[in-house]
Every structure is written in structure tokens, then in C-alpha cells.
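Peer 1: Sequences and hints are given; from them, build the entire structure.
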Amino acid sequence: MSDKARASRRPRITYQVALGGLLVALILLFGAIEPVFFYPDVLFDVTSIVGEIGIMALAMTFIITTSGIDLSVGFILQLSAISFGAVFAGTGNLALAVSAAMVAGILCGFLNGLIISGTKIPPLVTTLATMSLFRGLSMILAGVNSFSGFPEGFKKISTTLLFGVVPIQFIYLIVLFLVFNLVYTRGRLGRHLKGIGFNENALIFSGIKTKRILLLIYTLSGFMAALASMVYLGRLSSAKTSMGNDLNLQVITAVVLGGTSIVGGIGSMSGTLIGVLIIGVLRKGFTLLNLSGNVFNFTLGLILIVALVIFAVLERRKALAGRTQPAAKT
Amino acid sequence: MSGKRKVSREAILGILVVAFMAFLALTSNFDSKSGIYSMMLDVSPSIVGAIAMSMVIITGNIDISAGTILGFVAFAAGSLAELGAPAWIFIPAGILMGICLAGLNGWISVTFKVPSIVVTLAMNMVHLGFYATFLPNAGWVENLKDNFTWLGRGRFFDLVPYIFVIALLVAVLFMYIMKNTSFGKSLYAVGGNRQAAIYAGINPDRTVIKVYLVEGLLLGVAGILKATTANEIMPSAFQGREMIFISAAVVGGVSILGGGGKVLGAVFGAFLVYLLSIAMIYLGFQDYFQFSLQGIIVLIAVFVTVTDFTELRKKLRGTFTRAGRARKARA
Chain A
61 MSDKARASRR PRITYQVALG GLLVALILLF GAIEPVFFYP DVLFDVTSIV GEIGIMALAM
121 TFIITTSGID LSVGFILQLS AISFGAVFAG TGNLALAVSA AMVAGILCGF LNGLIISGTK
181 IPPLVTTLAT MSLFRGLSMI LAGVNSFSGF PEGFKKISTT LLFGVVPIQF IYLIVLFLVF
241 NLVYTRGRLG RHLKGIGFNE NALIFSGIKT KRILLLIYTL SGFMAALASM VYLGRLSSAK
301 TSMGNDLNLQ VITAVVLGGT SIVGGIGSMS GTLIGVLIIG VLRKGFTLLN LSGNVFNFTL
361 GLILIVALVI FAVLERRKAL AGRTQPAAKT
Chain B
127 MSGKRKVSRE AILGILVVAF MAFLALTSNF DSKSGIYSMM LDVSPSIVGA IAMSMVIITG
187 NIDISAGTIL GFVAFAAGSL AELGAPAWIF IPAGILMGIC LAGLNGWISV TFKVPSIVVT
247 LAMNMVHLGF YATFLPNAGW VENLKDNFTW LGRGRFFDLV PYIFVIALLV AVLFMYIMKN
307 TSFGKSLYAV GGNRQAAIYA GINPDRTVIK VYLVEGLLLG VAGILKATTA NEIMPSAFQG
367 REMIFISAAV VGGVSILGGG GKVLGAVFGA FLVYLLSIAM IYLGFQDYFQ FSLQGIIVLI
427 AVFVTVTDFT ELRKKLRGTF TRAGRARKAR A
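Those sequence lines, one after another, are chains A and B.
Residue 181 in this note's numbering sits at position 121 of the first sequence; the count goes up by one each step and never skips.
Residue 256 in this note's numbering sits at position 130 of the second sequence; the count goes up by one each step and never skips.
Some hints could be false.
Unchecked claim - Here are the simulated DSS-like cross-link-like pairs (lysine-lysine), alpha carbons at most 30 Å apart as the crow flies: (1) B/LYS239 with A/LYS271; (2) A/LYS300 with A/LYS215; (3) A/LYS271 with B/LYS441; (4) B/LYS440 with A/LYS269; (5) B/LYS388 with B/LYS271; (6) B/LYS388 with A/LYS180; (7) B/LYS336 with B/LYS441; (8) A/LYS269 with A/LYS254; (9) A/LYS180 with B/LYS311; (10) A/LYS300 with A/LYS180; (11) B/LYS336 with B/LYS271; (12) A/LYS180 with B/LYS159; (13) B/LYS311 with B/LYS159; (14) A/LYS215 with A/LYS378; (15) B/LYS388 with B/LYS440; (16) A/LYS271 with A/LYS254; (17) B/LYS239 with A/LYS254; (18) A/LYS180 with A/LYS271; (19) A/LYS378 with B/LYS239; (20) B/LYS440 with A/LYS271; (21) A/LYS269 with B/LYS441; (22) A/LYS180 with B/LYS336; (23) B/LYS159 with B/LYS239; (24) B/LYS441 with A/LYS180; (25) B/LYS440 with A/LYS180; (26) A/LYS180 with B/LYS271; (27) B/LYS271 with B/LYS305; (28) B/LYS239 with B/LYS388; (29) B/LYS239 with B/LYS311; (30) B/LYS305 with B/LYS440.
Said to hold, decoys possible - Far from chain A, some chain B residues (derived; all Cβ distances over 10 Å): (31) ASP157; (32) GLY161; (33) MET166; (34) VAL244; (35) ALA258; (36) PRO262; (37) ASP272; (38) ASN273; (39) GLY280; (40) MET301.
Everything labelled a hint here was simulated from the structure, so no lab data went into it.
By construction, the Cβ of each residue, glycine as well, lies at the ideal position given by its N, Cα and C atoms.
Peer 2: Structure below.
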């Protein structure tokens with residue numbers, strides 16, 4: 061049994077190791093072109109620019125493991141940020157504004173979860189539709205305004221540097237990663253998530269309330285998006301309706317690149333973390349090389365497709381070798 | 127679905143469209159010549175796009191990159207026309223562009239067994255990045271001349287645009303194809319029950335690739351219809367059209383789970399989506415309400431098509447009265 065388990069786990073570990081190798085190779089590549097990349101403050105800045113993506117990607121790993129998807133996270137982040145800005149501009153009360161952002165995020169996630177667990181509408185269509193809904197809501201809320209002028213104390217939540225070089229986002233990311241990884245690999249919830257991804261009916265028949273789990277993880281995703289919006293706002297210092305527009309794809313790319321199967325059932329939290337870091341390195345590297353955001357998005361889309369293809373090929377080879385079950389049908 | 131239903135969903139949709147138009151005509155100046163003309167002008171590309179999207183959705187797939195494919199089509203056709211190419215060159219070129227890009231989506235999705243939603247989502251991003259990075263002048267084509275815009279500007283009897291007639295012809299053609307050809311039937315078979323389709327001798331993978339190719343053809347047509355009505359072409363402005371196509375398809379009764387829906391429904395769906403947006407404008411709502419409205423429409427329409435109402439009624443029976451709840455608790 062243990063031999064078999066080890067054998068089935070081996071290809072997964074090599075994939076994540078290869079991914080780590082890719083990360084190191086990318087850092088070396090950018091460093092070779094632009095030696096300033098090796099400076100500790102530049103290198104650590106990578107973790108500050110992917111703070112918000114990383115926070116959302118952790119919850120997204122849960123969702124994609126259940127063979128679901130949440131396309132609306134970027135716009136939940138936007139709506140949370142706008143709610144924060146609007147309440148802060150209206151009342152000047154920081155605590156009230158933060159709770160407004162949290163409530164907005166949780167409600168959005170709860171709505172997604174309610175629709176996905178309560179009806180037969182697939183997650184992708186639900187979140188595609190709520191994506192437009194949230195986007196419209198934040199535009200209605202903000203109009204043409206953007207909100208800024210947040211207090212210095214608030215900005216500290218994402219501009220603090222520990223020991224002068226380590227951005228505080230790095231600490232957030234590591235702490236949250238440890239918690240999520242523990243739940244994912246050791247917790248009962250993690251096992252249930254993979255079970256839903258493989259065969260939801262089997263779980264229902266063993267008496268597990270899968271609908272409740274789905275409701276929970278989509279709400280969690282909304283909450284994490286609200287957290288991410290705070291971290292993002294601290295760095296950007298102005299809330300406007302253009303923020304978060306292209307974050308969906310970065311989050312999904314990070315998760316899929318990390319080796320979580322898009323058809324569900326298989327996943328890796330550490331892979332997600334490496335995926336997030338790779339995206340950060342690319343973004344920082346592209347900025348240093350003076351390449352525009354469009355080039356970055358183009359590359360990101362290509363990476364997502366290549367990652368999907370590589371992972372699908374690996375899965376098929378594994379399935380052919382008879383070591384694991386083929387991934388669940390979509 | 128149930129035997130009780132006598133009036134088809136499409137008939138109801140048709141009545142709704144007519145009623146909606148009558149309502150708009152009574153409450154606003156929608157029935158003026160320019161109102162009718164701009165409706166036909168705006169709804170024609172949506173009709174063709176909605177048919178394309180419906181066929182893909184019927185096989186149980188989706189194409190999020192449809193909007194950005196339109197951008198490529200418009201760019202290809204527009205820039206050829208700018209170089210002085212006549213219609214018999216730029217129209218096939220645009221259509222070929224659509225076929226290639228949509229076919230690529232289908233090929234990747236089928237060959238590597240990756241869900242089409244993720245592939246096309248990524249493609250959406252690749253396309254947008256491509257416009258800005260590689261196309262000259264980010265794909266902007268300005269100063270379109272008569273050799274291109276005659277198609278979009280021309281009208282019969284000074285009222286009916288050429289492109290509206292083209293859209294209707296496409297609709298009739300595809301109503302026939304979906305109903306009477308083996309290709310049309312195989313789409314329903316693959317989307318409805320993949321395993322059964324295999325037993326019936328249909329190759330689902332090939333069918334899906336085929337449907338993407340046909341979708342690309344139709345997107346090519348839709349892109350040219352849309353581009354020829356404009357003065358200039360900005361490819362990135364086409365992003366978001368896919369939501370209109372998807373809304374039109376699901377409002378028209380195409381089941382998002384695959385296997386159900388009709389072309390006629392999608393056509394009426396395209397009309398309804400346009401009329402709703404026009405109604406919003408007449409009612410004085412700001413532009414950005416459209417985003418929210420679109421999301422809500424898709425959710426409601428999908429909910430209605432996906433839910434089994436007889437089962438829901440059974441489940442809900444007695445929930446709202448005290449006696450019913452007591453009976454339920456006993457059972």
C-alpha cells in the first residue's frame with residue numbers, strides 16, 4: 061500500500077520540483093539580462109507585487125480541486141475595494157470601511173456559493189454571470205470617482221518592510237499558505253474537496269454534505285478576495301473601477317501552473333505557491349525590461365495554455381501507466 | 127419536455143419580442159425610422175454570433191474568446207480593404223481568420239482534453255495581448271472607405287440594411303442545418319449524451335472540432351457585418367461581445383449543459399438582449415448598469431433552462447404552508 065501510494069505520488073513531486081527549477085531558471089535568466097534583479101530588495105519585491113494574487117490563489121486551489129472555477133474573484137476584489145473607498149470617503153471611519161469591504165467580499169462569495177450549490181448551473185457560467193454583475197455593481201457604486209487619501213496607518217499593512225527588505229506580503233503569504241496547506245493535505249476538508257473533484261456522487265452517498273462544502277469554499281474565496289483587496293489597496297493607495305480587471309486570469313494561471321488539475325481531484329498547494337512566485341518573477345522581470353502589461357498578459361495566456369497541455373499529457377501518461385485513476389470526466 | 131406543453135418555447139419568445147417592440151414603440155420614439163434601422167443594424171452581428179455560440183454550447187462547450195476573434199476578423203478584413211482589396215478578397219480573408227482561430231481553440235481543447243472554458247479564457251488574453259504587442263498601431267484601422275463600408279451602410283428600400291438580410295439568411299440556413307442534417311443532429315447527440323453518441327457511431331472529438339470550425343466561419347461573418355458598419359476598427363473594443371452572444375443563446379433557451387436549444391431561439395434571444403439594453407437607455411439608466419443586467423439575465427435564463435421544474439415543485443410542495451410543513455415533517 062505504501063509503495064503504491066509512493067509510486068502514485070512520485071510524478072506529482074517531480075512536476076513540482078520541475079516547477080521550482082523553472083522558477084530558479086527564470087530568476088537566473090532575468091538576473092543575467094538585468095543584474096539589478098539579484099539585489100535582495102528587487103528580488104523580494106516580487107512577493108509584494110503578487111501578494112493579492114497569492115491570497116486569492118490559495119482559495120482558488122480549493123475551488124479548482126472540486127472541478128469548479130471562480131471567474132469572479134478579480135471583480136469581488138474590485139467591489140470590496142470600492143466599498144472600502146466609498147465607506148471611508150463617506151464616514152472617515154477606518155474600521156467601518158474595512159468591515160464594509162469584508163462584508164461585500166463575503167456576500168459576493170456567498171452568492172456564488174448559493175447559486176452553485178443550490179442550482180444545477182455550472183460554476184463557470186455562474187461566476188461568468190456574477191462577474192458582470194459585480195463589475196456593474198462597483199461601477200454603479202463608484203460612478204466615475206476613484207477613492208484615495210487613505211491614512212498612513214492603513215497603508216502600512218502592505219508597505220511595511222521587515223529587516224528593511226522583506227515585504228510584509230511575504231509573511232502573509234507564508235502564514236496563509238501554511239494554514240491552507242495543512243487543511244488541504246492533512247484536514248478532512250481537503251480530502252473531501254479532492255473527493256468532490258473525482259466523484260461527487262460517491263461523497264453524497266457516503267453521507268457527506270457536499271453542497272455545504274461548496275457553499276463554504278466559494279464564500280471563503282469571496283472572503284480571501286476581500287482580504288486581497290485590502291493588501292492591494294495598501295499598495296496602490298487608490299480604489300478605482302479598473303483595478304482587479306485582469307487578476308482572474310493570473311490567479312487561475314498560478315493554480316493551474318502549480319499542478320492542480322482543471323478537471324478536479326488532483327492538486328497541490330505548494331505548486332500554487334510556486335506558480336504565484338513564477339508569475340511575480342515574470343511581472344517584475346518584464347517591468348525591469350520595460351515590456352508593457354500587454355506583453356505580460358499575452359505571455360501569461362500562453363503559459364496557461366502550455367501548462368494545461370503539459371499537465372493533460374502528463375495525466376494521460378500516468379493514466380496509461382495504470383498508476384492512478386484517470387481524471388474525472390468533465 | 128413534458129407532454130403538456132403545447133406552445134413551443136420559441137413561439138413564446140417570439141411573442142415576447144413583438145410585445146417588447148410594441149411596448150417600446152408606444153412609450154418612446156423607437157418606432158421611428160432611425161430606431162428600427164439602428165436596431166436592425168445592431169442586432170445583425172449579434173444574430174450570427176448568437177447562432178455560432180449556440181452551436182458550440184449545444185455540444186457542451188463554450189467560447190469565451192469569441193469577442194476577441196471578432197477583433198482579429200475585423201482587423202484582417204479592414205486592413206485588406208484599406209489596401210484596396212475588393213469584397214471577394216476581404217470577406218473570405220476575414221472568414222478564414224475566424225475559422226483558423228476558432229479551430230485552434232477546438233483543436234487544443236479536444237486533443238489535450240482540456241475544458242474549452244479555460245482554453246478560450248486563456249486565448250482571450252492571448253488575443254488581447256497580441257493586438258497590442260504585434261499588430262501595427264495596436265490593430266487600429268482608420269479611414270475605412272466605400273469599398274469596405276458599402277456592405278454595412280447599404281440598405282434595401284432605404285430601410286433594411288444589407289447585413290440584416292444576410293443575418294436572416296444565415297439564420298434560415300442554420301435552422302435547416304441544425305434540424306435536417308446529420309451534422310446538426312450529431313451536435314445535439316454529443317452535447318446531450320456523449321456515451322450514447324459514441325454508440326450511435328458519432329466521433330465526439332471530431333464533431334467538437336467541426337463545430338468550432340463552423341463557429342469560426344460564423345464569427346468571421348459576424349465580424350465582417352459588425353466591422354463594415356463602423357468608421358474605424360479597434361480590435362480590443364470587440365472584447366465583451368461574447369457575453370452578448372452567450373446571453374442571447376441562453377435567453378433563447380439553449381441549455382448551458384449542452385444538448386438542447388434551437389437556432390430560432392437564439393435569434394429571438396439576440397433581439398431580446400438588444401431590446402433590453404435599449405429599454406435601459408430609454409429608462410435613463412447609465413451605461414454601466416448594462417454589466418449588472420447582463421449578469422442577472424444570464425443567471426435567470428440559465429436557471430430556467432437548467433432547472434427541472436416538476437422536480438422543484440415536488441420538492442417545494444408544502445414548504446410555504448404550515449400544514450404542508452407538518453406533513454413533510456411526518457413523512
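Peer 1: Take the hints in turn and mark each one as holding or not.
Peer 2: Evaluated hints:
Taking the CA atoms of B/LYS239 and A/LYS271, the gap is about 27 Å. The hint holds against a cut of 30 Å. For the hint pairing A/LYS300 with A/LYS215, the CA-to-CA distance comes to about 16 Å; that is within 30 Å, so the pair holds. For the hint pairing A/LYS271 with B/LYS441, the CA-to-CA distance comes to about 16 Å; that is within 30 Å, so the pair holds. A distance of roughly 21 Å separates the Cα atoms of B/LYS440 and A/LYS269; the hinted pair therefore holds under the 30 Å criterion.
This hinted pair does not check out: B/LYS388 and B/LYS271 have alpha carbons roughly 38 Å apart, beyond 30 Å. Between B/LYS388 and A/LYS180 the alpha-carbon distance is near 21 Å, which keeps this suggested pair within the 30 Å criterion. For the given pair, B/LYS336 sits about 41 Å from B/LYS441 by alpha-carbon distance, which is inconsistent with the 30 Å threshold. At roughly 14 Å between alpha-carbon atoms, A/LYS269 and A/LYS254 fall within 30 Å of each other, so this suggested pair holds.
Among the hinted pairs, A/LYS180 with B/LYS311 is consistent with the structure: their alpha-carbon atoms are about 25 Å apart, no more than 30 Å. The straight-line distance between the Cα atoms of A/LYS300 and A/LYS180 is roughly 34 Å, outside the 30 Å bound, and the hint therefore fails. The hinted pair formed by B/LYS336 and B/LYS271 fails the criterion: a straight-line CA distance of about 35 Å is larger than 30 Å. A C-alpha spacing of about 43 Å is found between A/LYS180 and B/LYS159, which places the hinted pair above 30 Å, so the restraint is violated.
Simply put, B/LYS311 and B/LYS159 have alpha-carbon atoms about 40 Å apart, too far for the 30 Å limit, and the pair is violated. A distance of roughly 48 Å separates the Cα atoms of A/LYS215 and A/LYS378; the hinted pair therefore is violated under the 30 Å criterion. Using a Cα cut-off of 30 Å, the hinted pair B/LYS388 and B/LYS440 holds, with the two alpha carbons roughly 28 Å apart. The hinted pair formed by A/LYS271 and A/LYS254 meets the criterion: a straight-line CA distance of about 14 Å does not exceed 30 Å.
A distance of roughly 20 Å separates the Cα atoms of B/LYS239 and A/LYS254; the hinted pair therefore holds under the 30 Å criterion. Of the supplied pair hints, the one linking A/LYS180 and A/LYS271 holds, its CA atoms being roughly 11 Å apart against a limit of 30 Å. Simply put, A/LYS378 and B/LYS239 have alpha-carbon atoms about 14 Å apart, close enough for the 30 Å limit, and the pair holds. Taken as a hint, the B/LYS440 and A/LYS271 pair is honoured in the structure, with Cα atoms around 20 Å apart against an allowance of 30 Å.
Pair hint A/LYS269 plus B/LYS441 holds up; C-alpha atoms about 18 Å apart against a cutoff of 30 Å. Between the alpha carbons of A/LYS180 and B/LYS336 the distance comes to roughly 28 Å, so the proposed pair stays at or under 30 Å and holds. Pair hint B/LYS159 plus B/LYS239 does not hold up; C-alpha atoms about 50 Å apart against a cutoff of 30 Å. This hinted pair checks out: B/LYS441 and A/LYS180 have alpha carbons roughly 15 Å apart, not beyond 30 Å.
The straight-line distance between the Cα atoms of B/LYS440 and A/LYS180 is roughly 16 Å, inside the 30 Å bound, and the hint therefore holds. With a C-alpha separation of about 49 Å, the suggested pair A/LYS180 and B/LYS271 falls outside the 30 Å cut-off, and the hint is violated. Restraint check for B/LYS271 and B/LYS305: the C-alpha separation of about 40 Å exceeds 30 Å, so the hint is violated. Simply put, B/LYS239 and B/LYS388 have alpha-carbon atoms about 27 Å apart, close enough for the 30 Å limit, and the pair holds.
Distance restraint check for B/LYS239 and B/LYS311: the Cα-Cα separation of roughly 23 Å lies within the 30 Å cut-off, and the hinted pair is therefore satisfied. Taking the CA atoms of B/LYS305 and B/LYS440, the gap is about 34 Å. The hint is violated against a cut of 30 Å. At roughly 29 Å from the closest C-beta of chain A, the C-beta of B/ASP157 stays outside 10 Å, upholding its exclusion from the interface. Every CB of chain A lies more than 10 Å from the CB of B/GLY161, the least distance being 25 Å, so the non-interface label holds.
At roughly 26 Å from the closest C-beta of chain A, the C-beta of B/MET166 stays outside 10 Å, upholding its exclusion from the interface. Once the 10 Å rule is applied to beta carbons, B/VAL244 is inconsistent with being away from chain A; the minimum gap is 5 Å. The claim that B/ALA258 lies off the interface is violated: its Cβ sits roughly 4 Å from the closest Cβ of chain A, which falls inside the 10 Å cut-off. With a least CB separation of 14 Å from chain A, B/PRO262 remains clear of the 10 Å interface cut-off, as annotated.
No Cβ of chain A comes within 10 Å of the Cβ of B/ASP272; the nearest lies about 33 Å off, and the non-interface call holds. Here B/ASN273 stays apart from chain A, with its beta-carbon at least about 31 Å from theirs, past the 10 Å limit. No Cβ of chain A approaches the Cβ of B/GLY280 within 10 Å, the least distance being about 34 Å, so the stated non-interface status holds. With a least CB separation of 25 Å from chain A, B/MET301 remains clear of the 10 Å interface cut-off, as annotated.
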